[in-house]
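Given chain A, put chain B in place with the hints provided.
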Amino acid sequence: MLMNLFKCKGGVKPPTNKTQSITLPIATAPIPSRLVVPLHQSIGGTPRPIVQAGDQVLKGQLIGEADGWISAAVHAPTSGTVVEVAMHVQPHPSGLDAMCVVIAPDGRDEWIAHQPFDYANAAPEAVREYLQQSGVVGLGGAVFPTHGKLTPSKTVPMEELVINGAECEPFITCDDLLMRERAEEVVRGIGIFRDLLQPKKVLIGIEDNKPEAAAAMRAAVGALGEPFSVVVVPTLYPAGGAKQLIRVLTGKEVPAAKRSTDLGVQCFNVATAYTAWRAIAHGEPVVSRLVTVTGNVHAPRNYEVLIGTPMDELLQLATPHPDTDGIIMGGPMMGFLVPDRQVPVIKATNCLIAHDDRLFPPKPPEMPCIRCGSCAQACPHELQPFEMYWFSRAKNFGKTQEYHIFDCIECGCCSFVCPSRIPLVQYFRFAKSEIWAREREKNAADGAKARFEFKQLREEREKAEKAEKLAKAAAAQAAKKAAEAAAAAAAGEPVAEGAAAAEPVAAEASPVPVAVDPEKAAKMATIQAAMERAKAQREASQPKNTEALKSSQQKEIDEIEARRQAAHLTEAAPPAATGEKTE
Amino acid sequence: MMFAPAPFLLKDVSVSQVMIQVCVALIPGIAAYASLVGPAILVQLVIATFAALLAEAVMLKIRGKSLALFLSDGSAVVTAWLIALTFPPLAPWWLVVTGTVFAIVVAKHLYGGLGQNPFNPAMVAFAVCIVAFPALMSQWPSVGLQLRLIDQMNIILGWAPRVDALSGATPLDAMKTALKLGDSTFDVSTLLANQDIYGNFAGRGWEWVAGGYLLGGLWLWHRKLITWHVPVAFIAAMATLSGALWLYNPAQFASPLFHLLSGGAMLGAFFIATDPVSGCTTPRGKLIFGAGAGLLAYIIRVFGGYPDGVAFAVLLMNLCAPLIDLLTQPPIFGMKDKA
Chain A
1 MLMNLFKCKG GVKPPTNKTQ SITLPIATAP IPSRLVVPLH QSIGGTPRPI VQAGDQVLKG
61 QLIGEADGWI SAAVHAPTSG TVVEVAMHVQ PHPSGLDAMC VVIAPDGRDE WIAHQPFDYA
121 NAAPEAVREY LQQSGVVGLG GAVFPTHGKL TPSKTVPMEE LVINGAECEP FITCDDLLMR
181 ERAEEVVRGI GIFRDLLQPK KVLIGIEDNK PEAAAAMRAA VGALGEPFSV VVVPTLYPAG
241 GAKQLIRVLT GKEVPAAKRS TDLGVQCFNV ATAYTAWRAI AHGEPVVSRL VTVTGNVHAP
301 RNYEVLIGTP MDELLQLATP HPDTDGIIMG GPMMGFLVPD RQVPVIKATN CLIAHDDRLF
361 PPKPPEMPCI RCGSCAQACP HELQPFEMYW FSRAKNFGKT QEYHIFDCIE CGCCSFVCPS
421 RIPLVQYFRF AKSEIWARER EKNAADGAKA RFEFKQLREE REKAEKAEKL AKAAAAQAAK
481 KAAEAAAAAA AGEPVAEGAA AAEPVAAEAS PVPVAVDPEK AAKMATIQAA MERAKAQREA
541 SQPKNTEALK SSQQKEIDEI EARRQAAHLT EAAPPAATGE KTE
Chain B
1 MMFAPAPFLL KDVSVSQVMI QVCVALIPGI AAYASLVGPA ILVQLVIATF AALLAEAVML
61 KIRGKSLALF LSDGSAVVTA WLIALTFPPL APWWLVVTGT VFAIVVAKHL YGGLGQNPFN
121 PAMVAFAVCI VAFPALMSQW PSVGLQLRLI DQMNIILGWA PRVDALSGAT PLDAMKTALK
181 LGDSTFDVST LLANQDIYGN FAGRGWEWVA GGYLLGGLWL WHRKLITWHV PVAFIAAMAT
241 LSGALWLYNP AQFASPLFHL LSGGAMLGAF FIATDPVSGC TTPRGKLIFG AGAGLLAYII
301 RVFGGYPDGV AFAVLLMNLC APLIDLLTQP PIFGMKDKA
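As you go down the protein sequences, you meet chains A and B in turn. Count the first sequence with the working numbering and you get residues 1 to 583, in order. Count the second sequence with the working numbering and you get residues 1 to 339, in order.
Worth flagging that the hints you see were computed from the coordinates, not collected in a lab. Since we're looking at a predicted model, the values are computed, not measured. Note that CB positions come from ideal geometry on N, CA and C, so glycine has one too. Among the clues, some could well be false.
To be verified - To be clear about the criterion: a stretch of chain A counts as covered by chain B if any three or more of its residues have a C-beta under 8 Å from a C-beta of chain B, and this derived list gives those stretches:
id : stretch
1  : 55 to 61
2  : 195 to 209
3  : 560 to 567
What the hints assert, rightly or not - Cut-off 27 Å, straight-line C-alpha distance, at most; resulting in silico cross-link-like pairs (DSS-like, lysine-lysine):
id : chain 1 : residue 1 : chain 2 : residue 2
4  : A       : 9         : A       : 399
5  : A       : 363       : A       : 7
6  : B       : 336       : A       : 252
7  : A       : 9         : A       : 258
8  : A       : 432       : A       : 480
9  : A       : 9         : B       : 65
10 : B       : 224       : A       : 9
11 : B       : 11        : B       : 65
12 : A       : 363       : B       : 224
13 : A       : 363       : B       : 336
14 : A       : 149       : A       : 13
15 : A       : 252       : A       : 442
16 : A       : 13        : B       : 336
17 : A       : 154       : A       : 252
18 : B       : 61        : A       : 13
19 : A       : 466       : A       : 9
20 : A       : 432       : B       : 224
21 : A       : 481       : A       : 520
22 : A       : 9         : B       : 11
23 : A       : 201       : B       : 336
24 : B       : 61        : A       : 200
25 : B       : 65        : A       : 7
26 : A       : 7         : B       : 61
27 : A       : 449       : A       : 472
28 : A       : 523       : A       : 472
29 : B       : 65        : A       : 149
30 : B       : 11        : A       : 13
31 : B       : 11        : A       : 154
32 : A       : 399       : B       : 61
33 : A       : 432       : A       : 472
34 : A       : 200       : A       : 258
35 : B       : 336       : A       : 7
36 : B       : 65        : A       : 258
37 : A       : 363       : B       : 61
38 : B       : 61        : A       : 432
39 : A       : 455       : A       : 466
40 : B       : 65        : A       : 395
Looking at chain A on its own, in the form it has when it is part of the complex (with noise of 0.2 Å):
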């Protein structure tokens, strides 16, 4: 089947050294003498343990229950008893522990009853539940929880599915003998995610050293009568990447910014579909893994391997070299050195490299960049390494984001090729910390302001509710005082002509003549109370500054009004409209 591939630009060539790893078929790796299975295996929420201390579990029993959606389940890799639910240290760069279910095996290996999933017949989501309960992870290296990568866009229809058998780090060869011997598996797996995700095509891009794998996916994709394309792409790392792969079997570039199903394309590894169809098929949760365990051993080799296997005893089945330093977890250009040999293999482990000097030559100095610009050119995000670096250096984060750091993946092209021998993913990854530590102290304080903002305005706010009460009972009291005085007013004495009327009786502000009639007066109160009110709601809701005029201040104001009334009467109107507003 011919396709046309789209050029991805970078990348570059290590020696591939897979050779050594594929000589012998997938062995099962022992039960080990005890398990040490973290909770925390996946992208996401930490799954809560639900068993503790003393605890007969059966294997495939549910230990950690997935936290929130991006989370997925954890299960015991086999049957015995818990020990210890405690942290231990993880297989991480950092070297920090975590929580983990410390199981001693019993050697029976016992299943707990499961059975096939009824697949036809399940809604889409409660397939993905399924899938998320049964702890299905991305098993490439990221452990995205693979039910949260099957949801189509709403908006943008699903075009292309991509299952990536590419495989690009040197060293691994974890999928390669998958796809040998299980491609069945693999190509039923992928017919789960076509099924749910409903894309017009799947593409299976499978790097051109590895021409059994494709043979053998061809014949099971034909056996099973799928309309699946295996695509052989040209061996350049980091063409498994999954950016790198999606590039180039279907010509889109995701940008960091987005997901790949807004582009309508979906990617996943060949052991997830794999680890799904055993899953769907067969109720197995994911409690093993396919692991490459090479470099400096005698008999490089595959294993299937319990999660929560400690790396060392994994390593003695491949017998080590005696001058062995170090494990590498990963492959050479983007894995790590674990901080300790006990720590236990995880979803995310697929491949175990004894390290030592002879493969591995200790590094050359550093030297200063000569801008050669090899890197750029390396980058398959095509970058401009070189400059970020210079920035990283100087400590000038906003320019580091500025030539778009976090577009970078870390591949280590650039550090591979840097005649300089610069870190160069040293000094990247040190300056996303940096950007991310200033962030976090940013919102720490922003939320702080915030808060400080929030209870000034809380004070403010009360005070002014205070200032109205007491406006609102000054108010009530003077027209209580008003009618009384009305009423005494009207009911008093009648004196002589009854035109004393004309002489206020209340404050002097009142302007407002007291009537005579009784009947007019009570009125009168009323409507000289509701004044009052008014005036007083008025004041409160007037700037404090004019509150408690002197006298002095008070008889200038009056004055500037008069004189303002004086000329709305003796002049036209503009000059007074233009006054106040320059005032």
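Only chain B this time, still in chain A's reference frame:
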């Protein structure tokens, strides 16, 4: 616990390897040059190399840098060779030494050493010396002058008088002078027809030197130490401008072929304008840089007061390089439609 960050594999490349390959690529041009003017050029190469390494060592010591690491990087040797190849082959030894020391001390180390210099050190040396010692920098051996090594050594070391035969000029300079004299009976074609002076098409033997540099430059491109952008843009720009003027008035302006094969055009296009430290790094930036250098070199050599314009053209473009780079950043993966 060991700490070594990924990647654990490194390609077998180093700064010294890059510099050594640049030196190797210069060899065809040097061989042609030596056969043209005699072994003097080799003497100059040796003098410049020693001066450069000594200046480099002193500066590294003063700056507290590792001698073992930096002295062997080869960058000083490349600078020294470019100086020796651009200075007149029989220039007195102290002129070459002055230029080289200035290049290493001022143009390179005072700006921060390897990788930090904004200007091409060899071209700074050339510019400084041609401004300070214009007469000495214009004395090229007359074509056809064949001196024995010992005589050449004596001239270089100042033990023999600087004979009249030395006051020749490059074909480029000779033609400019002849044309400037305003002798209307002489035009380019009659000048170039004088096979004794000007060789087949660009000066006797000079075209072979240019050919040698071209060969070395193509090898550098083949080895992926340089990209095609700068040389192609340089040559295309110079050919276009010289071609246009040549078509406009062939009596007054020489052909593009003459210009490309004379003076420092080929050396400049492949070895000087391609210096990554002081030049542009983005693909479009390299095209602008190369074209700018080619145009300026032509304008300065034809209309300016100096025998050749490559040095000043490259220095002027060095000035613009950071800005050009800033304005020509290529779009990154996934953002091409926005650019």
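Report task. Could you tell me which of the numbered hints above are not met by this structure, giving the numbers in increasing order? Result -> Hint check: 1, 2, 3, 5, 8, 9, 13, 14, 15, 18, 19, 20, 24, 25, 26, 27, 29, 31, 32, 33, 36, 38 fail, others pass.
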